[in-house]
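As a plain string of letters, each chain reads:
2 protein chains.
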Amino acid sequence: MHIAFLLFPGITQLDLTGPAQFLSRLPGAKIDLVWDSLDPVPTDAGFSILPTATFADVPRADVLCVPGGMGVAQVIDHAPALDWVRQVGSEATWVTSVCTGALVLGAAGLLRGYKATTHWAWHDLLALFGAEPVQARTVIDRNRATGGGVTAGIDFALTLMAAIAGEDHAKAVQLALEYDPAPPFDTGTPAKAGPALVAVYQARANKLAPHRRDELIASAARLGFTA
Amino acid sequence: MHIAFLLFPGITQLDLTGPAQFLSRLPGAKIDLVWDSLDPVPTDAGFSILPTATFADVPRADVLCVPGGMGVAQVIDHAPALDWVRQVGSEATWVTSVCTGALVLGAAGLLRGYKATTHWAWHDLLALFGAEPVQARTVIDRNRATGGGVTAGIDFALTLMAAIAGEDHAKAVQLALEYDPAPPFDTGTPAKAGPALVAVYQARANKLAPHRRDELIASAARLGFTA
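Those protein sequences? They're chains A and B, same order as listed. Under our numbering, the first sequence is numbered contiguously, ending at residue 328. Under our numbering, the second sequence is numbered contiguously, ending at residue 328.
A couple of the hints might just be wrong.
Listed next, the stretches of chain A that the computed footprint assigns to chain B, with coverage defined by at least 3 CB atoms under 8 angstroms from CB atoms of chain B [said to hold, decoys possible]:
1. 112-118
2. 171-178
3. 245-256
Cβ pair distances, simulated, as ranges [said to hold, decoys possible]:
4. A:LYS308 - B:ALA264: 38 to 48 angstroms
5. B:HIS270 - A:ALA310: 19 to 29 angstroms
6. B:ALA297 - A:THR194: 27 to 37 angstroms
7. A:ALA283 - B:ARG187: 26 to 36 angstroms
Examples of chain A residues lying across from chain B (beta carbon under 7 angstroms, computed) [as the list claims (entries may be wrong)]:
8. SER149
9. ILE150
10. VAL159
11. PRO160
12. LYS272
13. LEU276
14. GLU279
15. TYR280
16. PRO285
17. THR288
18. LEU324
19. PHE326
No lab work stands behind these hints: they were computed from the structure. Beta carbons are placed, not taken as given, at the ideal position from N, Cα and C, and that holds for glycine.
Using the sequences and the accompanying hints, generate a full structural model.
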C-alpha cells in the first residue's frame, strides 16, 4: 500500500501530517513525501520536512494525496509538479486531496466531472476546474476522495482508511490515536463562527497574499480552464 | 512568544505537528523544534522532520511542549534531553505535553503534585511520577497544560491558545483551520470502542514493544520515582 503525498514549499503542514499519521497505520503502508529534490521543504509552521523521494523516484502509487497551503498557486505553475500529479493520478487507485490541494488536482485535470470539497474559503474555485463543489468534510466520488480545510484531513483519512482496509481497522486506528475530538469552542465553519470571525480570516488572508485568488484564476486560465 | 517543542526519534509526529499548526498562529509565534543536533529526526510515520535548534541554542522559552511516541523511554534515559526539559520547564510560562510526552515531563520532575493527562493506555503511569491522573482531553493545573493521546493535541492547543491570547483569537484560528470535527466512527476512547478494539490496540503495542511499560517503570526507578 504505497501512499504518495505531494510535499511543497508553503504547504500547510497539518494537511499532510494529519492524514499521514492515520494512513501510516494502513496494513503494509509505505509513505512517500515527494518533491523536486530531497532538500528540506519549508512548511507554513516554521519548520521543514524532508522529502523521501523525488518525482522521478515515484512514477506510480496506490494512493495519491495532495495537501494544500499558501504554496498551492506556485505548485500549479510548476510544470514538473503538475505533470507528476497528473501522471500518478491517472493510474492511482485513489486520487485524493486535503484542503486547497483539491485545486492542484483540479489544475491537473483530475476533478473534471467529479464531486469534490476543499477549504471553505476556496470552495467556489473548484468549479473553475470542472468539479462539482460539495459542502462536506469528506467527499468520495468514485476513486476521488477530497477533504475540507486542514483538520478535515483527519476525518478524510479515517473515511479513506475504512474504504481501503475496512471499518474495523479504521476504528482500531481511531482508538489508538485517541480521536475523540472535543473542541473547546464551536467555530469551525463560517456558519458556526459568524461574520465577525469570517472577516478576521479574510483580513489575514488578504494581508498575507492579497492577490492569491486572482493568481489562481489566472493560472487556471493559462491551463485552459475558464469560468 | 517562543514555543519550544522537544523533537526526538520515534516521536508520534502528529503529537507535535497538530499543536504546532495551531500554536504557530499565536501572535508573534516563533516555533522551535529542539534536539541534540540539527540532523533529520525520523518520526513514526515514515518521514523525517528537521530540528530548528539544538538544546544549547534554546536555554529558555515561553512555552515548552513535549510530544509523545514510541521513543519516549529513550528520551527519559537520555540525560541531555531530560536535563533540557527540566531546565526549560523550570522557567517557562507554560509547561506542556501531548500524549506520552507527559511521562517525560514527569521524569523531569515537572508534574509532582500537578493534575495531568496522557494517552489513555499509559494513564496509570502518571502516578509513578507524582502526578494526579485526570481522565480528560486537556488538563490545565496552574501553568501545566497536558493533552491526551495524539489527536487530543489539537484540542489541547486550542485551549492553551485561548489561555494565552484570548478566546476570540482561538476561535478565529479554529475557523481558519476548519476545525469542525466529524469523525465517521465513534471509537476514540476505550469506553466507546469496547473491549475487542482495546485488545487490538494492546496486541499491536505488545508486538511493537513488548517491554515498553517495564522499561518506563525501570527508568522511573533509576530517576528515584518508585510506585
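Does the Cβ distance between ALA297 (chain B) and THR194 (chain A) fall inside 27 to 37 angstroms?
holds (29 angstroms)
Outcome, coverage of the segment 245-256 of chain A by chain B - at least 3 residues whose beta-carbon is closer than 8 angstroms to one in that chain
Three-residue rule met by the segment 245-256 of chain A, so holds; n is 7.
Interface restraint verdict for TYR280 (chain A) against chain B (beta-carbon cut-off 7 angstroms):
Holds. Min distance 4 angstroms.
Answer holds if the nearest beta-carbon of chain B is closer than 7 angstroms to that of PHE326 (chain A); otherwise answer violated.
Violated: closest Cβ of chain B sits about 25 angstroms from PHE326 (chain A), beyond 7 angstroms.
Quick check on LEU324 (chain A) please, does its C-beta sit within 7 angstroms of some C-beta on chain B?
Nearest chain B Cβ about 26 angstroms off; hint violated.
Per the CB criterion, is PRO285 (chain A) less than 7 angstroms away from chain B?
holds (5 angstroms)
Between LYS308 (chain A) and ALA264 (chain B), does the C-beta distance stay in 38 to 48 angstroms?
Once the Cβ atoms are compared, 26 angstroms apart, the range 38 to 48 angstroms for ALA264 (chain B) and LYS308 (chain A) is violated.
Do the Cβ positions of HIS270 (chain B) and ALA310 (chain A) conform to the proposed distance bound of 19 to 29 angstroms?
The hinted range 19 to 29 angstroms holds for HIS270 (chain B) and ALA310 (chain A), with Cβ atoms some 21 angstroms apart.
If you take the shortest Cβ to Cβ gap from GLU279 (chain A) to chain B, is it below 7 angstroms?
holds (3 angstroms)
Cβ-Cβ distance between ALA283 (chain A) and ARG187 (chain B): within 26 to 36 angstroms?
holds (31 angstroms)
Are three or more residues of the segment 112-118 of chain A within 8 angstroms, CB to CB, of chain B?
With 4 residues close enough to chain B, the hint holds.
Can we keep the VAL159 (chain A) interface hint, with Cβ of chain B closer than 7 angstroms?
Since chain B brings no Cβ nearer than about 13 angstroms to VAL159 (chain A), farther than 7 angstroms, the hint is violated.
The structure fails to meet hints 2, 4, 10, 11, 18, 19 from the earlier list, while all remaining hints are met.
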